[in-house]
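Trainee: We have chain B already, so just place chain A on it with the hints.
Chains as they are written, first to last, in this note's numbering: chain B, 643 to 1027; chain A, 4 to 250.
Simulated from the structure, these hints should not be mistaken for laboratory data. Bear in mind the structure is a predicted one, so any value in this text is a computation, not a measurement. The C-beta atom is built at its ideal place from N, Cα and C for all residues, glycine as well. This list has only true hints and no planted wrong ones.
Anything over 12 Å on all C-beta distances counts as not near chain A; from chain B, calculated:
| id | residue |
| --- | --- |
| 1 | Leu667 |
| 2 | Gly680 |
| 3 | Thr759 |
| 4 | Leu761 |
| 5 | Gly800 |
| 6 | Ala809 |
| 7 | Phe853 |
| 8 | Gly922 |
| 9 | Val939 |
| 10 | Asn960 |
Restricting the straight-line Cα-Cα distance to at most 30 Å, the calculated cross-link-like pairs of lysine-lysine (DSS-like) are:
| id | chain 1 | residue 1 | chain 2 | residue 2 |
| --- | --- | --- | --- | --- |
| 11 | A | Lys59 | A | Lys219 |
| 12 | A | Lys59 | B | Lys795 |
| 13 | B | Lys963 | B | Lys691 |
| 14 | A | Lys59 | A | Lys84 |
| 15 | A | Lys61 | A | Lys219 |
| 16 | B | Lys795 | A | Lys70 |
| 17 | A | Lys24 | A | Lys70 |
| 18 | A | Lys70 | A | Lys236 |
| 19 | A | Lys219 | A | Lys84 |
| 20 | B | Lys848 | B | Lys963 |
| 21 | B | Lys795 | A | Lys84 |
| 22 | A | Lys24 | A | Lys236 |
| 23 | A | Lys61 | B | Lys795 |
| 24 | A | Lys70 | A | Lys214 |
| 25 | B | Lys1002 | A | Lys147 |
| 26 | A | Lys219 | A | Lys236 |
| 27 | B | Lys795 | A | Lys24 |
| 28 | A | Lys242 | A | Lys24 |
Coverage of chain A stretches by chain B, computed from C-beta distances (three or more under 8 Å per stretch; other residues unrestricted):
| id | segment |
| --- | --- |
| 29 | 104-117 |
| 30 | 122-128 |
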Amino acid sequence: MKSHTTLPSRWSYFLGDMSERIGLLLFAVLILVVLPLGLDSFRLNNAGKYLTYAFVAVGLVLCWGLGGILSLGQGVFFGLGGYCMAMFLKLEASDPESTAIQSTPGIPDFMDWNQITALPWFWEPFHSLPLTLIAVIVVPTLFAYVLGVAMFKRRVGGVYFAIITQAVASILSILIIGQQGLTGGVNGITDLRTLLGWDIRSDDAKTILYFVNAVLLIGVIMLARFIKNCRLGRILVAIRDKEDRLRFTGYDVANFKVFVFCVAAAFSAIGGAMFTLQVGFMSPSFVGIVPSIEMVVFCAVGGRLSLIGAAYGALIVNYAKTLLSESFPELWLLAMGALFIGVVMVFPYGLAGLYEQYLKPWVAERFRRRLPAAEPVIPPSAVGQ
Amino acid sequence: MTTNDFLLSVEGLTVSFDGFKAVNDLSFYVDRNEIRVIIGPNGAGKTTVLDLICGKTKATAGSVAFKGSELTRMSEHQIVKAGVGRKFQTPSIYEDLTVFENLEVSLPMARSVSGALMFRRSRSVVERIEAVAEEIFLADQLGKRAEYLSHGQKQWLEIGMLLIQEPELLMLDEPVAGMSVSERERTAELLNRITRDRAVIVIEHDMKFVKNIAHKVTVLHQGRILSEGDINKVQNDPKVIEVYLGH
Chain B
643 MKSHTTLPSR
653 WSYFLGDMSE
663 RIGLLLFAVL
673 ILVVLPLGLD
683 SFRLNNAGKY
693 LTYAFVAVGL
703 VLCWGLGGIL
713 SLGQGVFFGL
723 GGYCMAMFLK
733 LEASDPESTA
743 IQSTPGIPDF
753 MDWNQITALP
763 WFWEPFHSLP
773 LTLIAVIVVP
783 TLFAYVLGVA
793 MFKRRVGGVY
803 FAIITQAVAS
813 ILSILIIGQQ
823 GLTGGVNGIT
833 DLRTLLGWDI
843 RSDDAKTILY
853 FVNAVLLIGV
863 IMLARFIKNC
873 RLGRILVAIR
883 DKEDRLRFTG
893 YDVANFKVFV
903 FCVAAAFSAI
913 GGAMFTLQVG
923 FMSPSFVGIV
933 PSIEMVVFCA
943 VGGRLSLIGA
953 AYGALIVNYA
963 KTLLSESFPE
973 LWLLAMGALF
983 IGVVMVFPYG
993 LAGLYEQYLK
1003 PWVAERFRRR
1013 LPAAEPVIPP
1023 SAVGQ
Chain A
4 MTTNDFLLSV
14 EGLTVSFDGF
24 KAVNDLSFYV
34 DRNEIRVIIG
44 PNGAGKTTVL
54 DLICGKTKAT
64 AGSVAFKGSE
74 LTRMSEHQIV
84 KAGVGRKFQT
94 PSIYEDLTVF
104 ENLEVSLPMA
114 RSVSGALMFR
124 RSRSVVERIE
134 AVAEEIFLAD
144 QLGKRAEYLS
154 HGQKQWLEIG
164 MLLIQEPELL
174 MLDEPVAGMS
184 VSERERTAEL
194 LNRITRDRAV
204 IVIEHDMKFV
214 KNIAHKVTVL
224 HQGRILSEGD
234 INKVQNDPKV
244 IEVYLGH
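The following block holds chain B by itself, in its conformation from the complex (with noise of 0.2 Å):
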C-alpha cells in the first residue's frame, strides 16, 4: 500500500528502496574492500575478469528478466566492445619501432603475417583513445539498434528472436576468424601492452584497472535500477506481461524493446572493453554461441530478476568455472549445463530468488524493528519466460 502513497523523488530511483540500498552498499564494499583485501594480485585480477561478465548480466536483467527479451547473443556487444578497446592498444603497440622487423612497420603483427601492406580504413580512428572510447559504446550499440529496429518492429519476439541473436553471435565469430588479416582471426587481438603509455601488465595498473571496473560496474547497476524504478521499468514488465494490452493502450511497444536491448548491448559493451584492458586480449572466444549462452546462464544463476543478483551470479559462476576448469577441465561444460537444467526447473529466480524466498524473512525478522519490510521482488507468474 505504502508505494503509492508516497511521492519518490527521480534521484531516489538510482538507489532504489531501503533493502535494495544495502543490497548495493553491501555488494560495493565486497568488490571495493573485502576482494581487494582477501586476494592476491593474480586473482584480484581473476575477479576484475569476471566482474566484466556482470555487466552484460545487468543488462540481461533489464532484457530479459524485465522486458521477457531474451537474448542469447550478449557475446556480440561483449565482443565488441573488447574488439574497439583491443584494436586501440594493438595500434599503440604496433609503433613502428617495436614492428621494426616486420616487412611493414607500424601495423599490427599479424596483418603483416597475412601479407597486409597498409593499415585497413576501419582501424584508422582507433588511433584516437576518444574516438575509442566513443566507438566501444556507439558502435555496438548501433549494431544492437539496427538489429533491434529490424526484428521488433516486424513484431520478431520470443524463441525466434532468441534464435536470430543466437544465429548473429555465430556470424560474428565465424567472421572473426575468417578475417585473419584484418581482425587477426581465431587468436584474436593479442599482445596488448600500454595505455597512452602506461604499461596495463603490470600488478599496479591491474590493480587500477580493477577499481575502475568496480566503479564502472557499480555505476552501470545504478543506471539500470534508475530503468527498472521509473515508468519505464512497470513498462518493461507490462510488455512481459501482456504486450497486446501495452500496445492498445497507446504505446509503440517497438521502441522501448529496442530501447532495452540497446542499453543491455552497451552495457556489455563496457564490460568487453574492461575486459581487454585488464585481460590484455580479446579473441572470438569471447564473441560467439558457447559464450553468448554462459553470459545468460550467469544471469540465471543470480537471479534474472535481481540486479544485484545477477552481478553476484556472474561472480560466482565464474569463480566455480576457474575452480573446476583447474581441477576437471572437461566437466565444466557439463557443470554449466546442469548448472542451467537446476536453474530452469528448480529455482528460476536464480540466487536472489533462493534468498528473497528462505533468507529474506528470516533476516527481516531479525531485524524488524531496522528494516522495512520490503514487497517481494519475485511475481510467481513470470515462471517459464
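Mentor: The following block gives chain A in isolation, referenced to the frame of chain B:
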C-alpha cells in the same frame, strides 16, 4: 445526415482469412454517446469486427472512419491515440504489476521512451488514479498485485485502464462473461455510469444485460448484419429468432 456526422462509420468492411470471409461487406454507423450492442451466434465475426476497428487485424477491403480519419491505415497505437479504447474478452491486465501500477501505465501520458524515462509520479496523477479506482470498486486494492484479484475484479481493472485513457469510443468484448450475478449488476451500473459521455460498442451474450444497457442492437450472422435496431425490434425479428435467440 452524411456519414461524417457519425462518430464511427464502418463501410463495406471485409476480411478474408485464406478465402473464408469472417466479416463480409459490413456497414454500420455509431453515433456519439450511443451504446451499441453486437450480438450473434459463435463465429458470427463479432470479435473480428472489434479487431478490425482497433487495428489488431488488417481489413481486406472497406473503410473504418472515426471522426473523419481512416483507421484501417493507422497502426494500433495511433488508433488508441485517436480515441479508441478496446477491452479484450479475457481480462487483459499486467499481472505482475499492482492495481495502481496497472492504472498508471494506462494513463495517456509519457507513452514514448523518453517520456517514460522522465515521468514523475505527481500528486495529480495519484489523485486521478485513486478516482478511477473508486469508480471501478478497487479503491482498497491499489497496492495489491493484479494477479491476486478475482476474475470480476480483473475485468473491472481492465475497464478502469480504458477509462483512464478517456477514449471517445470504448469497445468492450463480453465484459460480464464469467461474472457472478452481483458482479454483473455492479458492472451494468458501472457501464451505465461511464458511457454517459462516450460511444460504446459492446459484444455480449447475456440478453438481460443487453436489455439493460443497449440503445441499439446489431445482430451479426456469418460475417453479415442479420438485423439492426432497438432491442424490441431485434428480439421479434423472425430471422434473429431462428439463428440466435431460439424459440
